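Numbered as in my numbering, the sequence shown ends at 140 without a single skipped number.
Hints in this document: simulated from the structure, not taken from any laboratory. A hint or two may mislead.
If you anchor each label on the Cβ, the simulated ranges turn out as follows [as the list claims (entries may be wrong)]: (1) R125 / A86: 20 to 28 Å; (2) F62 / R125: 16 to 24 Å; (3) T9 / T102: 14 to 22 Å; (4) V79 / H50: 20 to 28 Å; (5) E99 / S8: 33 to 41 Å.
Everything numeric in this text was worked out from a predicted model, so none of it was measured. We put the beta carbon where it would ideally sit given N, CA and C, even for glycine.
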Amino acid sequence: MWIDGKGSTVLPAVECRRLLALRAKEGGVGRLGIATDQAPVVLPVNFTFHDGRILARVGAGFLSSTAAGQLVAFEVDQVDTGAGIAWSVLVRGLATLIESPTEVELAAAAIPLVPEPGDMVMVIRPDTVTGRRFDVQRTR
1 MWIDGKGSTV LPAVECRRLL ALRAKEGGVG RLGIATDQAP VVLPVNFTFH DGRILARVGA
61 GFLSSTAAGQ LVAFEVDQVD TGAGIAWSVL VRGLATLIES PTEVELAAAA IPLVPEPGDM
121 VMVIRPDTVT GRRFDVQRTR
C-alpha cells in the first residue's frame with residue numbers, strides 16, 4: 001500500500017474486494033452511478049458480492065432500463081468517526097441484466113430498497129476496482 005499526495009492510503013485490489021464482500025455480508029448498500037441523457041444519477045442499491053461480481057436485485061423500472069448494457073460506477077464506504085478512520089471502494093464496469101433462477105437466488109439477500117415489479121438481477125463485472133483508507137476527524 002502507498003500513501004497518495006493527500007495522505008490517504010491507496011488500497012490494493014484484493015483489499016478492495018475484501019471490503020466489498022464484508023459490506024455485502026453486512027446487508028450492503030452501495031451507490032450506483034449511471035450516465036443518463038439529462039444528467040448523471042447516483043442511486044442507493046442493496047447488493048451481494050459473488051465470484052468477484054456485484055449483484056443487485058432490480059425490478060422492471062428505471063435501473064433496469066437505464067443501466068443495463070452501460071458502463072457504470074459503483075461505490076461503497078464506511079466511516080468510523082469513533083476510531084477516526086474511513087474507507088471507500090469504487091468499482092467501474094459493465095452492468096448487465098440476468099434473469100436466470102440461479103443468479104436470482106445468488107442475489108436473494110439483496111432486498112431492493114424500493115421494490116418494483118419484476119425480479120431481475122443486475123450484475124456489474126468490474127473492469128477497475130480502486131479504494132482508499134483515510135483518517136477522519138473524531139467528533140465530540
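Each hint, compared with the structure:
no., hint, in the structure
1, R125 / A86: 20 to 28 Å, "holds, 27 Å"
2, F62 / R125: 16 to 24 Å, "holds, 21 Å"
3, T9 / T102: 14 to 22 Å, "violated, 37 Å"
4, V79 / H50: 20 to 28 Å, "holds, 26 Å"
5, E99 / S8: 33 to 41 Å, "holds, 39 Å"
Hint compliance for this structure: hint 3 alone is broken.
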